[in-house]
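Dock chain B against chain A, hints included.
There are 2 protein chains.
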Amino acid sequence: MQELIQPLIQRNDSKIVFVVLDGLGGLPVNGRTELEIACIPNLDALANRSACGLHIPVAYGITPGSGPGHLGIFGYDPLKYRIGRGVLEALGLGVEVRRTDIALRCNYATIKDGLITDRRAGRIPTDQSRKLTERLRAELSGIDNVELIFAAGMEHRFAVVMRFPEPLSLEAAMIRDTDPQKEGMAPLKAVPLTKEAERVAKIADMFIESAHKILENEGKANYVLTRGFSGMPHLPSFQDAFGLNALAIATYPMYRGLARIVGMETPVLEGSVQDEILFLKQNYLDYDFFFLHIKKVDSYGEDGDSRGKAARIEEFDSLLPQLLSLNPDVLIITGDHSTPAIMKGHSWHPVPVLISSPYVLGGLCASFSERECANGELGIFHAVNILPLALANAGRLKKFGA
Amino acid sequence: MQELIQPLIQRNDSKIVFVVLDGLGGLPVNGRTELEIACIPNLDALANRSACGLHIPVAYGITPGSGPGHLGIFGYDPLKYRIGRGVLEALGLGVEVRRTDIALRCNYATIKDGLITDRRAGRIPTDQSRKLTERLRAELSGIDNVELIFAAGMEHRFAVVMRFPEPLSLEAAMIRDTDPQKEGMAPLKAVPLTKEAERVAKIADMFIESAHKILENEGKANYVLTRGFSGMPHLPSFQDAFGLNALAIATYPMYRGLARIVGMETPVLEGSVQDEILFLKQNYLDYDFFFLHIKKVDSYGEDGDSRGKAARIEEFDSLLPQLLSLNPDVLIITGDHSTPAIMKGHSWHPVPVLISSPYVLGGLCASFSERECANGELGIFHAVNILPLALANAGRLKKFGA
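In the order they appear, the protein sequences are chains A and B. With the working numbering, letter number 11 in the first sequence gets 1015, and the count goes up by one each step, no holes. With the working numbering, letter number 164 in the second sequence gets 1168, and the count goes up by one each step, no holes.
Chain A extracted, bound-state conformation (with noise of 0.2 Å):
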């Protein structure tokens, strides 16, 4: 898909708005989806003049992560560039992550006489594990020209990227988990499965030992296991691909990381949904395209909350007249994935997707919910198609062939 675009590219001064409500998509409660439950008048009234569809975020019946939920809807194919979870444990945790960088997950854990006997240090105080992180930092900042860069979790979790002086291949990363998954056992070497990973395989041993040390007499959490070793994947920036001046509007972490392994602008940013719009309207005449990330819809669905799933998309309706009134040559509006309340968690369900623009059919779909969507114009497609159609819709792609 991205050697089809590229060669034809054109750019213009379109603007193209990119709402991500994480976690829209649902299943019906008593009858009805959160979608459905929800008073959305604007919403409705412009699914109703906008091509609809329900978009595949990776494959018929697979359950995304956030990682390629989001490569997807960016126009990225979540089978061919994989986000390991190290880079996206770090990234969560707001730290960049390079290409010269290894990132793996790490658990504070006890051990005793060589053999674990606590896998999570017994689930240790946030407070506590931060003090221990910060130690870390402050005694190991580096190992053979290593650079260690850490960042503090939540309880006995924390993320460690490892920063060498020269650029890695994907194949430097691939290094078994030395956590055992199972207490009583002895923890693992850092195995590596390539000749590439040699080197930081012995990184990461020397830098367990060394951090054992510095924890020796810190009780339960005395140990270190690791986890996910993984390198930035070598995506074209989304300037490269689409010829897309690109900001990214999020308030966690996570989010600015994955638009930031693109290539967007991530600046930090906290606050309300409101104040996410208002950042928007600053910055309108700087960017072409806005990634706008709204989170709680999602945390609501992963708690089972229908009703609270459904008030957070009520509260995005109730500012979308906001961004109407920027007049933005595209207007696209979906979720990463869906979040049905009853499966309290992601789910392989296809997504509710708008596509607001003058060159759209539109009058499909009464309203913005699953089954409306169903009946779109824009049928059952897969999420990498929705930056191609965003692209063509803003005048941005040349006609292919003669």
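Just so you know, not all the hints are guaranteed correct.
Repeated chains share a single entry, so a pair holds when one copy, or any two copies, can fit it.
Here are the simulated BS3-like pairs of lysine-lysine, each with C-alpha atoms no more than 30 Å apart in a straight line [claimed, not checked]:
#: 1; residue 1: 1193; residue 2: 1135
#: 2; residue 1: 1403; residue 2: 1084
#: 3; residue 1: 1217; residue 2: 1348
#: 4; residue 1: 1403; residue 2: 1299
#: 5; residue 1: 1019; residue 2: 1402
#: 6; residue 1: 1116; residue 2: 1285
For the record, the hints were derived by calculation from the structure and aren't laboratory data. Keep in mind the model is a prediction, meaning the values are calculated, not measured.
Here is chain B on its own, set in the frame of chain A:
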């Protein structure tokens, strides 16, 4: 797709009539598309008892030229087989292009002291241009065993086909344009981008030099700029790929040329849509497959004339009973791409398609329009699937696997 289809082909005496209303798909003007404002009772009734859907000519968001638009509905992957600009121009001017040929688009231009002062030779009148092309044809029939075939075009435009004694690989056409694209620059040499293109580039430079000598006292039109070097795509014939003996009925040379690329019979034909249908009737016994091309629907779309486009569709509707009275086993009516009047050009929008045969569900579409077809039993699908569906409905495909 072709690898799957080819071993399944079985021949029978069924007839498939394949009508292409060029640029059929549209968008609403004051709420209604061209198909929706047109009074087309025959098409509406037929759609109601047919399998309907929307086809995507190339890919989501991709606006096809006429080449890829037709290759797709002919059952050839338009991403795999590319038709270059030189070839399309030559076909459009009615010149045959063979596998031993390289075709190029040419402009008459003005050169002075080695610099191009007018890339279009003051847009010289067509009759004057024709005379110059006639002169080149008379004085420059070949270079170094390579035959030169000239085709006069409109104003400053013409095409040249270089016919080599030996078949050429597609790499042989990879030659940079000699048109510098800007006035005040020297014309460029024909730079070969591959080893195979070296001989072709040399011939091209010799052609340009010889043409300049012939034209040097012709005032403004004293030079030739060349673009779009291309060879014929190497695709399996319609007969080999689908087992069909096919007749193309088209009054515009380009569409006959496109049909000839896939090996259809392409008799020269002029006249109205009624004349085309009469010609189809006269030849009905002699072929399996009839490609009936109706150009004017697109032409009015390109002009932004929504009402005119609707009138062309109405004209076809009034003649449709003549096709129905032939009682073909399969009748397909679609377009090669959309040409919404509000866009005055080709677009990426899916195109209505109707398949009439005894083996359809039917009853899903009240009329023949973009919006009704969105709810049809064929769904929204890629154009390359139309031909396998035609074969299946004609009883021309065996079961796959045991």
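Now the hints, each set against the structure:
no.: 1; hint: 1193 - 1135; in the structure: within (26 Å within a copy, 70 Å between copies)
no.: 2; hint: 1403 - 1084; in the structure: both (26 Å within a copy, 17 Å between copies)
no.: 3; hint: 1217 - 1348; in the structure: neither (41 Å within a copy, 73 Å between copies)
no.: 4; hint: 1403 - 1299; in the structure: between (37 Å within a copy, 19 Å between copies)
no.: 5; hint: 1019 - 1402; in the structure: within (17 Å within a copy, 38 Å between copies)
no.: 6; hint: 1116 - 1285; in the structure: neither (56 Å within a copy, 54 Å between copies)
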